[in-house]
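Number of protein chains: 2
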Amino acid sequence: MADASTRRRSRGGGGAARRAERTAVSFETAKYIERNIPNFEVLNEEALEVIETNAETVLEEIGVNFVENPAALARWREAGAEVEGERVRIPRGLARKLCATAPSQFTQHARNPEKSVVIGGRNLVLAPVYGPPFVRDAFGGRRYATMDDFKKFVKLAYMSKWLHHSGGTVCEPTDIPVNKRHLDMLSAHMTLSDKPFMGSVTDPSRAQDSVDMCGVLFGKEFVQDNTVMTSLVNINSPMTFDEVMMGALEVYATNNQACIVSPFIVGGAMAPVSVAGTLTQVLAEVMAGIAYSQLIRPGAPVIFGAFVTSIDMNSGAPTFGTPEASLITYGAGQLARRMGLPFRSAGSFCGSKLPDAQAAYETANSLNMGLLAGVNFMLHACGWLEGGLVADFEKFVMDADQLGALHGLAKGVNHDENGQAMDAIREVGPGGHYLGCAHTQANFKSAFWKTDLLDYKPFETWEEEGGRDTRMLASARVERLLSTYEQPALDPAIAEALAAFVDEKKASMPDAFM
Amino acid sequence: MADASTRRRSRGGGGAARRAERTAVSFETAKYIERNIPNFEVLNEEALEVIETNAETVLEEIGVNFVENPAALARWREAGAEVEGERVRIPRGLARKLCATAPSQFTQHARNPEKSVVIGGRNLVLAPVYGPPFVRDAFGGRRYATMDDFKKFVKLAYMSKWLHHSGGTVCEPTDIPVNKRHLDMLSAHMTLSDKPFMGSVTDPSRAQDSVDMCGVLFGKEFVQDNTVMTSLVNINSPMTFDEVMMGALEVYATNNQACIVSPFIVGGAMAPVSVAGTLTQVLAEVMAGIAYSQLIRPGAPVIFGAFVTSIDMNSGAPTFGTPEASLITYGAGQLARRMGLPFRSAGSFCGSKLPDAQAAYETANSLNMGLLAGVNFMLHACGWLEGGLVADFEKFVMDADQLGALHGLAKGVNHDENGQAMDAIREVGPGGHYLGCAHTQANFKSAFWKTDLLDYKPFETWEEEGGRDTRMLASARVERLLSTYEQPALDPAIAEALAAFVDEKKASMPDAFM
Numbered sequence: 001m002a003d004a005s006t007r008r009r010s011r012g013g014g015g016a017a018r019r020a021e022r023t024a025v026s027f028e029t030a031k032y033i034e035r036n037i038p039n040f041e042v043l044n045e046e047a048l049e050v051i052e053t054n055a056e057t058v059l060e061e062i063g064v065n066f067v068e069n070p071a072a073l074a075r076w077r078e079a080g081a082e083v084e085g086e087r088v089r090i091p092r093g094l095a096r097k098l099c100a101t102a103p104s105q106f107t108q109h110a111r112n113p114e115k116s117v118v119i120g121g122r123n124l125v126l127a128p129v130y131g132p133p134f135v136r137d138a139f140g141g142r143r144y145a146t147m148d149d150f151k152k153f154v155k156l157a158y159m160s161k162w163l164h165h166s167g168g169t170v171c172e173p174t175d176i177p178v179n180k181r182h183l184d185m186l187s188a189h190m191t192l193s194d195k196p197f198m199g200s201v202t203d204p205s206r207a208q209d210s211v212d213m214c215g216v217l218f219g220k221e222f223v224q225d226n227t228v229m230t231s232l233v234n235i236n237s238p239m240t241f242d243e244v245m246m247g248a249l250e251v252y253a254t255n256n257q258a259c260i261v262s263p264f265i266v267g268g269a270m271a272p273v274s275v276a277g278t279l280t281q282v283l284a285e286v287m288a289g290i291a292y293s294q295l296i297r298p299g300a301p302v303i304f305g306a307f308v309t310s311i312d313m314n315s316g317a318p319t320f321g322t323p324e325a326s327l328i329t330y331g332a333g334q335l336a337r338r339m340g341l342p343f344r345s346a347g348s349f350c351g352s353k354l355p356d357a358q359a360a361y362e363t364a365n366s367l368n369m370g371l372l373a374g375v376n377f378m379l380h381a382c383g384w385l386e387g388g389l390v391a392d393f394e395k396f397v398m399d400a401d402q403l404g405a406l407h408g409l410a411k412g413v414n415h416d417e418n419g420q421a422m423d424a425i426r427e428v429g430p431g432g433h434y435l436g437c438a439h440t441q442a443n444f445k446s447a448f449w450k451t452d453l454l455d456y457k458p459f460e461t462w463e464e465e466g467g468r469d470t471r472m473l474a475s476a477r478v479e480r481l482l483s484t485y486e487q488p489a490l491d492p493a494i495a496e497a498l499a500a501f502v503d504e505k506k507a508s509m510p511d512a513f514m
Numbered sequence: 001m002a003d004a005s006t007r008r009r010s011r012g013g014g015g016a017a018r019r020a021e022r023t024a025v026s027f028e029t030a031k032y033i034e035r036n037i038p039n040f041e042v043l044n045e046e047a048l049e050v051i052e053t054n055a056e057t058v059l060e061e062i063g064v065n066f067v068e069n070p071a072a073l074a075r076w077r078e079a080g081a082e083v084e085g086e087r088v089r090i091p092r093g094l095a096r097k098l099c100a101t102a103p104s105q106f107t108q109h110a111r112n113p114e115k116s117v118v119i120g121g122r123n124l125v126l127a128p129v130y131g132p133p134f135v136r137d138a139f140g141g142r143r144y145a146t147m148d149d150f151k152k153f154v155k156l157a158y159m160s161k162w163l164h165h166s167g168g169t170v171c172e173p174t175d176i177p178v179n180k181r182h183l184d185m186l187s188a189h190m191t192l193s194d195k196p197f198m199g200s201v202t203d204p205s206r207a208q209d210s211v212d213m214c215g216v217l218f219g220k221e222f223v224q225d226n227t228v229m230t231s232l233v234n235i236n237s238p239m240t241f242d243e244v245m246m247g248a249l250e251v252y253a254t255n256n257q258a259c260i261v262s263p264f265i266v267g268g269a270m271a272p273v274s275v276a277g278t279l280t281q282v283l284a285e286v287m288a289g290i291a292y293s294q295l296i297r298p299g300a301p302v303i304f305g306a307f308v309t310s311i312d313m314n315s316g317a318p319t320f321g322t323p324e325a326s327l328i329t330y331g332a333g334q335l336a337r338r339m340g341l342p343f344r345s346a347g348s349f350c351g352s353k354l355p356d357a358q359a360a361y362e363t364a365n366s367l368n369m370g371l372l373a374g375v376n377f378m379l380h381a382c383g384w385l386e387g388g389l390v391a392d393f394e395k396f397v398m399d400a401d402q403l404g405a406l407h408g409l410a411k412g413v414n415h416d417e418n419g420q421a422m423d424a425i426r427e428v429g430p431g432g433h434y435l436g437c438a439h440t441q442a443n444f445k446s447a448f449w450k451t452d453l454l455d456y457k458p459f460e461t462w463e464e465e466g467g468r469d470t471r472m473l474a475s476a477r478v479e480r481l482l483s484t485y486e487q488p489a490l491d492p493a494i495a496e497a498l499a500a501f502v503d504e505k506k507a508s509m510p511d512a513f514m
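So the protein lines, in turn, are chains B and X.
One point on numbering: in the UniProt record's numbering, the residue at position 57 of the first sequence is 57, and numbering is uninterrupted.
One point on numbering: in the UniProt record's numbering, the residue at position 8 of the second sequence is 8, and numbering is uninterrupted.
Don't read these hints as lab results, they were simulated from the structure.
These numbers come from a predicted model, not from an experiment.
Negatives, chain X to chain B, calculated, CB over 10 Å:
| # | residue |
| --- | --- |
| 1 | Val118 |
| 2 | Lys180 |
| 3 | Leu498 |
To give an idea of the interface, some chain X residues facing chain B are shown, with a C-beta separation under 8 Å as derived from the structure:
| # | residue |
| --- | --- |
| 4 | Ser274 |
| 5 | Tyr361 |
| 6 | Met398 |
| 7 | Gly429 |
Ideal Cβ positions, reconstructed from N, Cα and C, are used throughout, including at glycine.
Let the hints inform the model, and build the full structure from the sequences given.
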């Protein structure tokens with residue numbers, strides 16, 4: 001495997017590149033989480049087998065629709081499925097057999113090799129919110145997102161210790177034409193951050209642009225041999241695979257780039273109101289989608305996705321951080337592991353309109369559940385607000401701080417001699433205190449997770465300082481981070497080539513806003 | 001076992017009692033949680049054995065202090081411990097052997113038999129915050145708690161569907177003399193609610209008053225044969241058992257009333273900074289305390305308690321909802337189950353000064369962890385603020401609403417025919433929606449946990465209604481609940497006897513405020 005950073009340096013060559021790298025400030029990024037705790041599992045063997053059997057029944061009897069995609073229908077027919085109109089009925093066992101060529105884990109390379117991530121196994125990679133058309137902050141209120149907002153979120157993600165991934169559409173830059181935004185978004189991820197990122201899925205041609213831009217950033221040969229993007233391919237639940245998303249998947253799979261194949265389910269609307277029924281549908285949909293990716297290119301990297309939430313049966317609104325969503329996610333993790341596939345689910349989900357207590361309860365419920373469910377790739381891990389309509393600046397840094405707690409929990413319990421601390425217990429004895437003892441002195445710096453945001457000051461101090469709530473503390477942190485941001489070094493030749501690619505592409509087509 | 005409510009009716013006799021019961025409004029209370037999900041366990045067999053071995057070493061080599069309690073020292077000496085001054089060294093295996101007579105679960109009777117709770121097994125009983133000297137609400141701010149506040153909290157706990165227990169010192173009524181407040185607090189629990197409650201532990205004589213008042217409420221014979229109080233006995237960690245708490249425990253154990261024997265640990269100050277070291281100390285302390293309860297009366301009901309949090313090493317402030325506290329709680333649950341004892345831990349813990357996002361993250365981390373750790377009795381399950389200094393009215397109903405989510409999660413996954421929902425998947429098919437299908441119609445009312453507080457309205461509606469955050473929604477709920485409160489029926493003869501007991505006791509001693 002080639003070393004991207006070495007090649008990058010040698011390619012652009014010259015003193016400018018070296019100077020740029022030497023003078024850049026480096027912000028600390030934690031390694032992706034490698035769990036040293038078990039997964040939490042809610043389904044027993046009988047329930048797992050019932051769901052797996054039923055999912056095969058769904059694929060065989062009911063089937064799935066591949067919409068406006070004759071090539072996909074032909075591929076399925078050739079693979080042995082029964083195709084009738086756009087309906088694809090997959091004989092029992094075929095989808096699972098096709099899925100077997102998908103890797104159980106894969107490396108997604110970042111342009112900074114230290115920030116490459118391994119997705120799968122016992123790992124958890126955290127990426128920010130994806131898709132909101134609006135942004136919000138404490139002083140500017142709720143408004144349509146712009147490219148300026150987008151860049152700010154990329155910078156915040158770059159500076160967050162606990163985010164391993166720059167994400168994709170952290171918000172929709174609505175001031176840029178729809179058919180050109182992917183170019184600016186990718187350009188921002190590539191130049192303002194050095195973490196791994198996602199490609200465009202809104203049109204097959206934009207997926208191809210994403211691959212081509214990665215060719216500029218990493219070198220074409222490197223991209224042919226390595227995975228440098230993980231992109232989000234939603235299934236239109238129930239059981240519908242549209243031509244846009246499948247078109248993007250076809251481009252990515254062909255190029256050995258990773259896709260999250262992800263049912264998008266508001267339970268009660270796009271799936272049954274029961275947990276087991278929803279899991280059955282999720283499994284059937286994921287198996288069909290991943291099987292299709294392997295028809296495109298056996299061995300293409302994929303992720304078993306499950307975006308699942310429940311519904312408020314009175315208003316029809318989606319609800320977040322609910323117990324039913326947790327049960328489904330725990331179960332989906334089990335199903336993914338039995339297929340030997342990386343698992344994507346959970347996030348900073350909430351329905352609240354503000355980054356208030358409701359938002360935090362809902363988010364914490366979902367984040368904790370995600371860690372314990374064995375999620376390998378958590379999209380939306382920070383910044384999500386109002387059912388995903390809004391990317392919130394304050395909540396972005398609030399959630400990102402909580403992601404540190406997940407890292408701490410995942411460490412599990414060390415019971416070596418230092419962990420046992422018998423010397424400390426002997427030294428202190430009944431009625432003493434541990435603050436000054438040798439064991440505490442030796443271990444206190446790394447013993448406890450440390451927040452960069454939350455307030456632990458005495459009441460009087462806190463009150464004197466203005467009695468600020470979490471949102472106000474977060475607002476100050478957003479401003480501080482953005483004001484100290486420094487761009488990571490990038491070979492100027494590559495930066496120029498990227499800009500030229502974007503300019504050329506933009507000039508080649510008229511603006512489209514729909 | 002006698003039926004308390006039958007005897008109560010027959011005792012007070014007369015039409016007044018019957019009329020009172022007939023006209024009372026009944027607020028729905030959920031049955032205590034009976035988990036249908038596994039426990040989450042972070043310690044492997046090797047770690048468990050290391051910790052158990054080390055805890056025996058602590059008891060044998062270092063020992064524990066029983067302070068100003070010659071009778072306790074005599075009991076320990078007789079049981080085979082080595083006593084030197086106030087230090088009690090317990091030979092390997094002795095404490096665990098003594099603990100074996102403690103029951104693995106017990107029933108705590110409420111005066112309304114439908115609200116009696118079984119503590120232990122796979123159950124989880126939820127009780128409100130305990131101990132804050134201050135209260136806070138959105139409009140009155142932070143202030144010393146009074147008896148009026150105390151009564152309001154008892155009413156809110158009575159009206160909360162998801163609280164199974166009325167708790168004890170829901171706040172400190174600082175306007176009542178220290179030596180008399182227990183009488184008013186118990187009286188409030190007994191008359192304003194019909195849920196189970198806790199007794200006083202601030203002096204052995206007050207524990208005896210608690211037992212005597214229960215004799216009035218339940219009938220003396222009933223109290224002799226049954227457990228009607230679960231009270232909180234803290235250990236002064238490290239390894240110190242003071243005469244006040246032990247005096248209360250002696251009274252309760254003698255009378256077959258339950259005690260939570262609970263190390264009170266801010267990690268890094270009262271225990272080592274490591275998880276395994278803290279668990280070692282917790283286990284040693286609990287074993288010593290529970291062994292002592294069984295020396296008083298073999299078979300006395302007890303709970304393995306663990307109040308454990310971490311510390312901000314910069315300021316020395318306790319921190320809440322942290323990953324280290326979670327790991328300790330998961331581990332302590334495993335240790336308690338291996339001893340066959342009910343387990344108390346977790347709660348609505350937070351360090352925040354306001355019921356804001358910080359408070360909710362911290363609380364949700366702790367509540368979720370408590371459910372998954374196998375906690376059987378969760379004190380502080382709602383209303384805790386500012387490290388336990390404050391009982392917050394809005395947070396009380398906010399947290400209480402989240403307790404409903406724990407009930408939902410504990411249900412686990414039903415995979416019977418209705419749960420599988422294959423008919424629904426067949427009926428709807430690819431591209432359809434489930435809102436109107438037969439399975440949804442039949443199941444939607446009970447399919448999803450339903451909040452009584454959180455906002456899921458469309459943005460525009462929410463904004464038109466004032467754009468309220470969670471705290472403001474909660475403030476309105478507090479007011480609505482208190483304005484619709486109705487006292488549960490109580491035989492007037494018992495109410496009079498209770499009032500007479502309190503008056504007589506109060507008249508028998510001068511006020512004390514220290």
